[in-house]
Structures are given as structure tokens and as C-alpha cells.
Amino acid sequence: MTRKRIMSNSVTFGFFDEDAKKEIRRAMLKAVALPGYIVPFASREMPIARGWGTGGLQVTLSLITEEDTLKVIDQGCDGSVNAVNIRDFIVSVTGVDETEVTPDATIIQTRHRVPEYPLTKGQTLVYQVPYPEVLTTVEPDTAKQKQMHANVDYAKLWVLLYEDTSQFGDSRISSRYPVQINNHFVMDPSPIPKFDIPKLHNNPALQLFGAGREKRIYAIPPYTEVKPLKFADRDFAIEDFAGRCCERCGAADVFLDEVHHEDGTHFFCSDTYHCDSRRQEVADAA
Amino acid sequence: MLLELNRVSKIYGTGCGRCLELTGEDSDRAICPVCSSVVAINGVSLAVEENEILGVVGESGSGKSTLLQLIYQDLAVSEGEIFFNGITDRSGRKKNILDLPPAPTAWIRNHEMSMIYQNPHLGLNFNFSAGGNIAEKILGSGERCYTEIRQRALHFFGKIEMPLSRIDDYPETFSGGQQQRIQIAKALSSSPRLLLLDEPTTGLDVSVQARILDLIKALQYEMGFSMIVVSHDLGVINHLTDVTLVMKNGSLVEYGLTDQILEDPQHAYTQLLVSSKL
Amino acid sequence: MSYVAIKGGTEAIRASKDFFHARLQAEDGLAEKAIIKGLCFSCDRVMGEGALYTEKLAAEAIRKSGGDLLEAAFYVRAHRSTCQRIGSVKPIQTDTVHLLRRISSAFKDISGGQVLGPSCDYVIRLFSSLRSNQENQARDFEDGQHETDSLAASALHSLREDDRIVVLENTEAAPFDVTRAFPLPPYPRSALMQVMARGETGAMLAFAYTSMRGYGDVHPTIGDLRLGTAELRFPHPFTGKETKIGTIRITACETVGTFHPDPKDGRLRLAVGFGFCFGFNETKAIAMSILDLAMHHQGYSVGGQSIAAQPEMIIHHVDAIESMGFANHFKLPHYVTFQAHQQVFNKAKANDDKEEDNE
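One line per chain: the protein sequences are A, B and C, in this order. Note that this note's numbering has the first sequence beginning at 1, numbered continuously upward. Note that this note's numbering has the second sequence beginning at 1001, numbered continuously upward. Note that this note's numbering has the third sequence beginning at 2001, numbered continuously upward.
Pulled out of the complex, with its shape left as it was, chain A reads as follows (with noise of 0.2 Å):
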């Protein structure tokens, strides 16, 4: 459902003063430019505290316009306390009509999961960050990692990955598992489950990655190639549900919440637009 609301009147459109904007399309373009590489940006403090998603609304207060359409999630989720306080905030400072309509959106800011209806040509992702830097575990010096990155040197990941399978059967990276862009460089695609990772191949939309607090930007443009670092001889294993399904509106093939209750557990998709979208189906059908 979309609504719209009043701009307040104290602020310019999108909270930022022109400089601070263009600064930030640069690096946005730069990142585009190069898929995959994390480029440094100035990153103005916000409202919303560091680490709460300063990153990705930098992005998105940048690119915004008054035709935009606005949807925002967490965990996959628009009604999550972070999500709505995050909508508030951009639509007090823009005016724009904000959704919960997956394919109604033309921009969608997100924490941690990718939406599970498939996006299309026209549409822009903006994730929030927290760890720009996939090398952050093997190598925590900022001159060191920029080296790797320039030599294509990825030898440590890999290592990690050789350890980890020889000790434990498969990598022990769940979220954050890192991502290489037209086979050259390497890349955090933020805290998205595994499950999310094809999402990101060849997408049809704009992915846009905003770090506020670490002052990255990187970029996956629309049709891109992406790969998860993985063994040519080994699959790629997603999180998997045991045949679960929904107990909302029936999805077997969807990242599903596991929720604890006195009456026991249950599994509800993560992606609660989906979902009732999928209900409204059923719905209809009958």
C-alpha cells in the first residue's frame, strides 16, 4: 500500500546542502564505474547514529527524487522498528511516496536481506553496511588491503576458505560471504544470508552499497557478473529450511524466520511483503 506524506519545512530536499550531495554522486559513480571497488567518501554525520544505517541513507538522500517511490526493509521486513524510523526520517526530508510494494518501489533501502520478489530494469537496491571491506578478517591494515586489491591478490580469503573446509567440511562464513565482481575484484556484499547471494548475479536492477561509519561506497551494476568465492569443486551450500514451508501463505522456497514461541516454533517468511503478496494471491484465487 503507498502513501504519501508532508515534507517538513525546516530542511533542504534530501537533508543534505548540494556539496555534500555531489560529493557523494561521484563516489557513487566511481563505484559504478568499477564494480566491486570500495571507494572512500567523506560520509557527513547523520541524525540516525553511526552504524544504524548512515551509510545507505547517504546513498539514497543523493540519488532521491521527488518522482522516487520509497520502500525500506530490514531483516526483510517494513514494519522492523529500524526500517520504519529510517522511512521516516527520508520521507520527512523528501516528501516521497513511500510502498511496501516490492515492485511498486524505485528505490529500496535495505538491511541485510535482498527482497524476494525479483527486481527489474529501473530499480535501485541501496544496502546498508557495516564491513565495506571483505579483507577486514585477514588482513585489518587499511595500506595492505589496498595493495591486495590492486594486485587482484585475494591469496588470504582463499586460504581461509582451504582451512576452514579441510577443518570443518565448508567455508564458516554465513553472512558477508564475499562475492567476486567480473572475475576481478573481490567483495563484502553486506550481512545477506547465502541464500541471497544468486540474487546478485546479473540483476536487472542498480545495487548500490553504502558504508557511513567505515566512508565506503562500492557499486554492482545492472547485468553484472557475480560469483561467491567457492571452490570449482564444490557447490555453493545456501541455508536450507528442510522442506519447510511458510505457515502464513505456504512459500517452500523462501529464507524463512524461525520464531519461538510458548507454543512452540515456528517458520514465517522473512520477507513480509512476500508474503502477503503471496496471501493476497491465494486470496484471490479462491
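What the hints contain is simulated information worked out from the structure, not anything from laboratory work. Treat the hints with care, as some may be off.
To be verified - Where chain B lies over chain A, by a calculated footprint (3+ residues, C-beta under 8 Å): (1) 143-154; (2) 161-171; (3) 223-236.
Claimed, not checked - Chain A side only, calculated, beta carbon under 8 Å to chain C, not exhaustive: (4) 45; (5) 47; (6) 51; (7) 75; (8) 76; (9) 82; (10) 113; (11) 174; (12) 175; (13) 193.
This one's a predicted model, so the numbers in the text were calculated from it and none came from an experiment. We put the beta carbon where it would ideally sit given N, CA and C, even for glycine.
Since the structure of chain A is provided, determine the placement of chains B and C on it from the hints.
Quick look at chains B and C alone, frame taken from chain A:
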């Protein structure tokens, strides 16, 4: 020709243009009297053939280790050129490998050459398991199949005569001699054409030394790579090498067949070196 | 039903905010003036960490956040983000600061004297005083925050004149501006100083403490610590003439370390670090000067690499707004990533259990 060095020099300090001329073999010093720069390597030229084993001897400070580090590009050369078989420009002429951008340089270090260091902390990553260290080299040469990587790591681990069950253990849990073996496995796992060894057995037990030298010799015979062995121990040189180069004050003072150098040294310094053997 | 509760986000947030503000309501209210005067050091800290000189907004921020100074600094910093950039003032020379307090631990006496000024250094920290309250307040200081005419050169001035102090080479054409770009390594000194000047007092104190205790240059000496008021001079937009546009209170500290060969010419000179912040915050200025010393005069400490000496450690970890935000972000829902992690764990455990059974 597999490897060729053309007037390679390494100067530490400001340099003054006269450093090379005022130091080296004739002047019997490595420190420039004009600018106090240290000339670690003074215009060294040499060539190594396929399947050839070259020894480099000299006292401490003669520049032997520095020479290897310059070839492997752990250190930057001050002057001179290095050529490697197969590295050519578009017209097919040999190209100075020091002029290559980072990616081809990394290729040479990962595929064509390997280095074994005296100090295992330089050659091994102590944050990776023994198998992980070997895997790193194999991955560096482009292999992406886990089974293949694991098999190859186990293969070379076996070749260095280590129990396969220990392949997932970490370097600090091994003895010095075992760490050197792991270095050898790592260095050879990418099937390099040139192996550089910097005092590979110094500091190890005499019996351990002997076994490691035999191992290296056997692997070289089997795999056919060329080697440059740096050692101040003439016994090691005698055991392993075909030709030998003698260094003093960063300069090359004598070069010839190992047997001849050791039995019939021509240069006064070499004579001194050989006769000082206990 | 839980599903509805998860979707009731808007209501929950609104109620939570109202509850928070209701708890902060004091019966008498907290007047801005009372905060600026009675909690002056809190205000100064908030100005310094918020990186905006405004006693009024600092006081307002302290009130809105119920005294949580990290939150208050966040308010000020967020506000700063919205301020328009007009230009830059002329750099302040610390010699021209009108001093309220100035001491030097390096010398017994200095030109201008050791001016203690208002300080709690020698206060005995007991809730009940050893002397009666009346005796303590026998003197009348008018208003304790007025500027003085007292000026003095740095106590290290004579050492500088004798060329006995390292003067670091300035390789930057203009000072870096971390609010407009963030540097990559090697980090310019001006960028490190800016990040520290707006850094969190506790974080900087902790890192500096590691250096003091032994992981670095042990026991540096304060050469000059000064608190006072500095004039801000700005070129008039039309005439170009320098005009005084205001004054700010500042703290500046120079700390002397040990000597080492000056990289410029190899001659031995003393290493000196500099610390500076808005308002009166001696702890932070001292800590900053020690960190500056540690980072820019390396290579002579016997102890080896210390945390305080690594620009990579300091530049990323002293900003309160960033660290506080990130630490608290862990309160956000993470159930998808947790679910994903549980799956990997379960698979690995199954694999492990299978191997155990096989053995």
C-alpha cells in the same frame, strides 16, 4: 638462459654517483668514502641455465642474501636489469622483469620462482596451518579445485617425509628442521622453474642438515628446477651445487665449477675462504 | 500474536521515545545557564567531541540526552553536519591566547610564572570538606570565566630558539579536512590531529595510558599546558581585511618526550607532541599530545611497536560518534544473520560429529 642479471647494484643511503666506483673488490670496502652509503651489491652480472645449480659463497655481509632478495624482488634494485626466460616484450626481446607492473611480478613470484628463507617466519605464515601454507602457494598458481589442492598439499607433505596426519597442524608446533621442510614443500608445490635458497640449513642439527640437503638434491633431480643456493658453509655448496660464485664486499670475485673453486681457487679471497674450512 | 507485534514498529518507536523523555523530566527543569555554568566541563567535552563550538547547543544536547555525554556529542556533531561552510579562520597561534591558566612541569619557574588559575588539581576529593565551606568561598572571583590580558610565549620557547626541538617537516600544501574527505594511509599529520581534536576523551586517554605505562615512551614531561581564550580572525568577504569574529576557550598542551636523531639532518633534538581541543579539557589535551608524540616520533622507544604509535589504530578508533554508534547497533535485529550462522554451525557440527564417530 633461465635467469640473467646485468650489472645489478643495491645501495643503501643517499648515493653520490661515485659509490660503485669507490667500493667493491678493488677498494676492499662496501661503504662509500664520499657519502657513507652502503653498497650491498656492486654491479653483479651472472647467468643461470635450466637445470643448473648455482652456489653463492662469501662471508657475512658479502651481499649473498641481498642478491637473492633482489632476484625474488623482496628488495628493490638500485641499478641494473634482471631477465627471466620467457619474459619478453612484443617483439620477442628479453624484458627487464624489474619494469613489470605488480600483477606479472606476482606471477613470477608465485609461479616461476620460489624462495626458501633461513628464518621460517619469513617463508611461512604462522597464522596458517602447514597445509594452509602449501595451499597458499598452490592457490597462488591459479588452482581452484579443493580436492586437487588438498591432494597436492598432501603429496608434497609426503615428499618432505612428514606424517600426513600432521598436515593441519600449525607451524609453531613443529621443530626448526620440520619448519624448513614445510618451506620446501610450499616452495615446490607450484612447480617453479627457479628455486632460491637462503642459508636453508644454517642453525639446524648436523644430521638434520644432511637429510634436508639430500631431500633437496633428490627433488631437484626429480623435478628439474634450477637453484641458487646461498651459504657460508662450503660443505653445503659442495654437496648441492654445480657452479659457484664467490662474493666479497658486494662484488663477484670469482666464478666457476664448484669442484674447481673448492679444490683450486684462483682468487686470493677464495683461497682464504677455502683454506679457513675447519 | 507475534507477527502483528513485529509489524507494530511505528507505535512502539513513538511510545519508546515518549517514555524516554518522560523519564528525563526534572521537576524544576534544567536551565540552560545552569548547565553551561554548573556542568561547564561536560559542555566543553561535548563541544570538543561534537566538533562545534557552541555552549548553548552543547547544554541543550546534554539536557536532551539526560547527561549521556556520548549521546550529547552525537547531537552536536549531527547538527554540525547541517551547517553551511563559509570559510576558514586564520590559524590560532597559541602564543596569542589570553591565558587563564598556564603551567609547565618541565621548569620550576617560567617567564610569566606558573599560573595555576582555576583548577581542581589539588582538591581533596572528599564529599565532606576538611575545611568549612565558608572558608573555601572567602574569596570573590567575580565571574570565573572572564578573559585575562595575560599573554605568554610557550615555556619551550627558549629550547626552540636554540634549535633543540624537532620541527616536523610540513609536506602538506593545505591542512586536510576530514569532514570533506577521509584520508587513506599514509595519513597526513593534519588529518590525525583533526581526528584527535574531535576525539573521545576516554578512548584517547586509554590509548595514551598504554604509552605512559610502558608500551611506549615512558614518562613524558609537560612542557606547556595552557587554558585560555583565543581570538578568531576571519578575512572579511568584501574588503578581505582580517576581522575578529569571536573568541573561543581552548586547551593546548605541549609534551616533551626523549631525544632522537632528527630525520631532517641527523642531529639530536627533543621530540615534542601537541594536543589541542575546544573548551577546557586538560585530560584530553594531555592525552592527545602524548599520542602525537607516539605517532610522529617513532623509532626511539626501546619497547617496540605500541598501539599508541600506530596511526592506523588511532585514526579509526578514537571517534566517539562512530564507536558508540557501532557498539549500540548490535541492539538492532540480527535474526537473519543469526539464522544463517546457526545453519553453518549445525552443518559443521554434523560434519564434526560424523568424523568423531568414524574415529
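Results of checking the hints against the structure:
no.: 1; hint: 143-154; verdict: holds (count 4)
no.: 2; hint: 161-171; verdict: holds (count 5)
no.: 3; hint: 223-236; verdict: holds (count 4)
no.: 4; hint: 45; verdict: holds, 4 Å
no.: 5; hint: 47; verdict: holds, 5 Å
no.: 6; hint: 51; verdict: holds, 3 Å
no.: 7; hint: 75; verdict: holds, 5 Å
no.: 8; hint: 76; verdict: holds, 7 Å
no.: 9; hint: 82; verdict: holds, 5 Å
no.: 10; hint: 113; verdict: holds, 6 Å
no.: 11; hint: 174; verdict: holds, 4 Å
no.: 12; hint: 175; verdict: holds, 4 Å
no.: 13; hint: 193; verdict: holds, 4 Å
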